[in-house]
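> Top line first, the protein sequences correspond to chains A and B.
So the first sequence is numbered by this note's numbering: it starts at 1 and just counts up by one.
So the second sequence is numbered by this note's numbering: it starts at 559 and just counts up by one.
It is possible that part of the hints are untrue.
Straight-line Cα separation of at most 16 angstroms, EDC-like style, residue types lysine to aspartate or glutamate; simulated pairs [stated by the list, open to error]:
| hint | chain 1 | residue 1 | chain 2 | residue 2 |
| --- | --- | --- | --- | --- |
| 1 | A | K278 | A | E302 |
| 2 | B | K753 | A | E29 |
| 3 | B | K753 | A | D477 |
| 4 | B | K866 | A | E29 |
| 5 | B | K836 | B | E587 |
| 6 | B | K866 | A | E381 |
| 7 | A | K329 | A | E388 |
| 8 | B | K836 | B | D819 |
| 9 | A | K183 | B | E587 |
In case anyone wonders, no lab produced these hints; they're calculated from the structure.
Next come the chains, spelled out residue by residue.
2 protein chains.
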Amino acid sequence: MAVIGRKALVTNTGSVEERLDRALTAIAERTYWSAYPEHPKAYGEDAPGEGEARFNALLGAPFATGQESDRSVEVEESSPFGIELGITYPEVSIDAAMDRAVVAGSGWAAADPRERAEVCVRILDRLAEDSFTMAHAVMHTTGQAFLMAFQAGGPHALDRGLEAVAYALAEQERIPGPLVWEKPQGSRPPLVIQKEWVLRPRGVAVTIGVSTFPTWNGYPGIFASLATGNTVVVKPHQATVLPLALFVRTAREVLHEAGFDPNVVQMIVDPNGERIAKELVQRPEVGIVDYTGGSAFGDWLERNLPGKQVYTEKAGVNSVILDSASDLKGVFRNLSVSMTMYSGQMCTTPQNLFVPAEGVVTDEGVVSYDDVVSGFVGAIEGLLGDDERAASILGAIKGADSLERVDAAAGSGTVRSASRAVANPDFPDATVRTPTIVEVDADSDAFRREMFGPVIYVVKTPSRQASVDLALETARDHGAITWLAYATDDDMVESIVDAAVTAGVGVAFNLTGGLFVNQSAAYSDFHVTGANPAGNASLSDSAFVANRFRVVGVRRET
Amino acid sequence: MAVIGRKALVTNTGSVEERLDRALTAIAERTYWSAYPEHPKAYGEDAPGEGEARFNALLGAPFATGQESDRSVEVEESSPFGIELGITYPEVSIDAAMDRAVVAGSGWAAADPRERAEVCVRILDRLAEDSFTMAHAVMHTTGQAFLMAFQAGGPHALDRGLEAVAYALAEQERIPGPLVWEKPQGSRPPLVIQKEWVLRPRGVAVTIGVSTFPTWNGYPGIFASLATGNTVVVKPHQATVLPLALFVRTAREVLHEAGFDPNVVQMIVDPNGERIAKELVQRPEVGIVDYTGGSAFGDWLERNLPGKQVYTEKAGVNSVILDSASDLKGVFRNLSVSMTMYSGQMCTTPQNLFVPAEGVVTDEGVVSYDDVVSGFVGAIEGLLGDDERAASILGAIKGADSLERVDAAAGSGTVRSASRAVANPDFPDATVRTPTIVEVDADSDAFRREMFGPVIYVVKTPSRQASVDLALETARDHGAITWLAYATDDDMVESIVDAAVTAGVGVAFNLTGGLFVNQSAAYSDFHVTGANPAGNASLSDSAFVANRFRVVGVRRET
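Okay, chain A solo, but in the shape it has when bound:
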C-alpha cells in the first residue's frame, strides 16, 4: 500500500497513474475490477474506531468545508436512526458561489485533461482513506445499515466516480493535439493549415443530491464534470447533507494541495425551510445539472433548462417476472434479500412480483400460484422474523412519506404480510418497519407507480406472457431501472430480453446466489439506460460525459 500524507492509502492498485490507466482498461473490457476494497478489514484495525470517533466529533457543531462564509446555517438534516445530528453548514449565497466558480474555473479549464483526471483520482483516494467516517455519515443520514453505508457510500461510490473520470478522460483524449492539415490541390501547391483544438467546459455544473445514496449517485456526475474541466457546486438534499459535505471538504483540500483554486468545488445548502435549487440551476453560469430524486422536480429540470445539459435519475417501477425456475427455494432466498434490503429505498429495488395465475413451472412440476405466494411471503417473514437480523437488513426509513406509502399500500389490495415496527437494539429511536406485502390483480392501478420504501406488490397475472407485458407497460409508462426474471425456457428468456430491450431496462436472470439485482458494478454494469422515463444518467457511458465539454477549433494559415 502506498502512503500519501496522513494515512495509509487503501486501494487495489499502485500509483495514481496506474489506477487511472487500469480504470481506462476496465471500462473498455467491462470484466470485474475494483479500485477501492469493499471489505472493511482491508482498511486496518484502527480504521473503524478512528472513523467513528471522527464522525462523532462532527455532531452538534459547525462543519467547515473550507469555504469562505460569515456564518453557519441550520438545515433540515435528520437521522433515520434517531440520533441528534445538529450539524450546521457554511452559508454561501448563490451570487458568491457563482462569482467564485467563475474565478476558479479558468485555471481548472486550462489544465491538461490528464492532470485534471489525476487530481480527481487523488480526491477519490483521499476519500478512500476516510471511508469509515463516510460510512457513519451515510448511515446516520440515509438510514442504511452500517455495512451497506460503508460499501455503497464508500468504495462502491468511489469506483463509480473513478469510472466517470476514466470515461471523461477517454473522451477528451480522442481529440488529437495540434497538427498540420494538408489538402492536395492537383497541380497547384497544397492548402496547408495548422490546426489545433481547444477543449472547453460547459460552465458551472450543479449536482443536486439525493437523500438515500448521496455519494453513489452524486460522484459520477460530479467527477465527470470535474474531469472535463467544469467547476462543481453541490446542493445536497436538505435532509442528507453531511456525506456530500465531507466530499466537498476533501475535494477542496486536494485541489488546494495540487495548486488549484479550491472553489473548483463548492457547496450550497438549503437553509432550514428554504429551497434554493430552482434559482441555482437557472443561473446563466450553470451549464450542467445532475439530479437524482423524485420525478416531479426531475421532469421540471428536463423541460425548463434549454441550452443546459441535464442528467436525471428519477422514479421507476422495477419488476420481478417469476415465470419458471429450477428451484423456488433459491428464488425466494434471493428475492427475500433483494426486495427488503434497506427497506426498498434503492432505485434498483424490485417493487412488483408478477406471478401467473397458472402457477410456476419448476423442475418438480408446476407449483400453484397460492403456494408460490405463500412461499415468497414465508421467506420474507422468515428472514425478518428476528428483530436484530431484520434491523441489519432493513436499515431505517429515511422519509416520512415512505411511512405514509406503507399505510396507503395496505388499502390497495389483500395484505399478505403486514408491516410491523422492528426494534433496533443499538438505536432505540430508529424508524424500522418490515415491508407490507400486498396482493393485487393485474388490472389494479396500485402497482403501476413507484411506491418508494417498504412496499411489495404481488401481482396475479392472467398468463405467463401477461407478466412480461405488464412489466413492459409499467417500465414504458413510469420508468424502470431493473428487471429480475426467473425463466428456464429459452423462448421465454428471449421474449423477456426483447421486452427488456424495448422497455430500456437492464435485466438479470435466475439470480439465486450471492448477487442481488439491486447491485450494479462499476466498470461493468450500466445504471439507468436512458431509454425510459427513469432518467438519462447512464453510469457511465460516452453519452454521460461527451456533452460535458465542447471543442473549439483554431485554424491558422501557414
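Please arrange chain B on chain A, whose structure you already have, making use of the hints.
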C-alpha cells in the same frame, strides 16, 4: 475504381470495408482525407451530361421514392434560378409513416452495427455515382452556383455522412461482446455472472431539412441515426425537396438490395400550404430530431420535446476581426470571396467586419480606418463588377425574406456599396443580387442579429480590443459558427483564441490564400461547437452520436 451494379463507383479508396476503416482512422487523426472526389472531372466524361439529363427528366413529373402512396402531392418547391420545377411527391400520412417505421425498425435494430455501417457506406457510394444529378437538384432548389452545388451537395456532404457513420460505429464498438464477470469473494467461491449488452435505437429519427444545404446539413444526422439502428423519416424543407428525395430513393434501393425493409428510410413532405413538422416530431414513436434552420422553430424544438434527443443548427452572427495584417491585399482578396460566395447564404458566412477606428497595423505601417473600408469595399465591387463572374460567385437568392433583409439593412447605417441586380446569362429569371455593404457604429443594434443573405456590416469599433469584445458579445447572445481573425501580434492572437473559446466559436486566423472560413472539412473541422445559441449539432463528435442509441445489460447467473 471498383464497379458495383450499373455504373463506375467513384471514390478515393477501394472496398466498402476499407473505406469504413479509413474513415475510422480519419476521425481519430483529423488530418486531411476525403472518400469522394470533389473534382467533377474525376467522374468521367459522360457523367456531367448524364446527370443533367437525369435531372431534366425529373422536372414536371411525379417523383417516385418507392414509398407506398396513393397519390402525389404538390409542394412549395421553387428554384432561385427561375426554372419551373413542377415536381410532385408521394403523399404519405404521419400515421402510415410511423407504422411502417416501427415495422421496418426491428430488423434494422437487430443488425450488427458493422453490417449497418456497411449498408450506410453503400448508400453513400450509390449517391456518389450520381453526384451530377444531385448537383443539378441542389443548384436549382437552393440557388447555389453549379460547382458549389456539386461539391457541397455531393462529395462534401457524402464525406460528412461517412464521418457520422464512422463516429457511430466507433461508439457502438466500444461496448464489448458477451463475457463472464467473475468477482472474487475471499475464501468463498467467486460470483460468476454471464453478461451481455444489447444496443437499441432511440426510435424514429426525424430529419427536418434546410432550404440551402439539404444534403450537407442533413446527411450527418441521418447517417448517425441510421448507423445506430434508428429508422429515419426525412421531412424536407417545403421549398427544397428534391435533393433529399433523391437521397431517400437511393437509400431505399440500397436497403432493399441489402435485404432490409426499405421503410428504414422514408420521406414526408409538407403538402402545398401545410406544415407538418410539429405534429410529426411530437409523435411518441419519434426519439430523435435533427434540425437545421431558423432559430424560432429550433428553439421550440429544444424546449418542447422532453425525452427526445434534439440536435439543432440555428442562426448565428459570424464575425471577422480585422486587427492587424502583413498584407491587406490578401486579406481583402480572401474576404471578398468568403463574404460573397452564395450570397451570404451559408451558416458559416461572415456577416460583420470589425475594424478599429484607429486603423489596422500592417507591415507597411498603420492603414487608416477609412482606407481599410475603402479597400474592402473596392475588393468586393471589383470581384463582382463583371456580371458573369458575379453570377458564378453569388449563385441566386433562395428566400424572399433574404431580399427583404437587403432592403432593411440599407436603412440601418451608411451604405458603402448598394446591392444591385445581376444578370445571369444562363438563367434570365434567376434572382441575383450583389451584397449591400453597410457601415455602422459599435453601438448600433443592426449587426447584433443574423441578417441571412447578401448583407455585410462594417462595424467601426472604438478600439482593437472592442472588436474582440463585440464579436464575443454577439456570439454569446445570438450564436455564431465561425470567426475569421486577422492578427499578427501574438498577444492579440492569444486574446482572440481565448475569446473564441469563451464564445464557443471556431476561429481561423490570417486566411489570405485558397482556404475560406466558410469551408469546414469532414474528418477534421468540427462544425457548430454546441457552446453558444447557434445549436448543438456538432458535425461530428461523440456527443453527436452517443445518445442516438442506448445499451441494455443482460445478466445471467451461471
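> Now tell me, hint by hint, if it's right for this structure.
Tested hints:
no.: 1; hint: A/K278 to A/E302; in the structure: 12 angstroms, holds
no.: 2; hint: B/K753 to A/E29; in the structure: 12 angstroms, holds
no.: 3; hint: B/K753 to A/D477; in the structure: 27 angstroms, violated
no.: 4; hint: B/K866 to A/E29; in the structure: 30 angstroms, violated
no.: 5; hint: B/K836 to B/E587; in the structure: 39 angstroms, violated
no.: 6; hint: B/K866 to A/E381; in the structure: 44 angstroms, violated
no.: 7; hint: A/K329 to A/E388; in the structure: 23 angstroms, violated
no.: 8; hint: B/K836 to B/D819; in the structure: 26 angstroms, violated
no.: 9; hint: A/K183 to B/E587; in the structure: 14 angstroms, holds
The structure does not agree with the numbered hints 3, 4, 5, 6, 7 and 8 stated previously, though it agrees with the rest.
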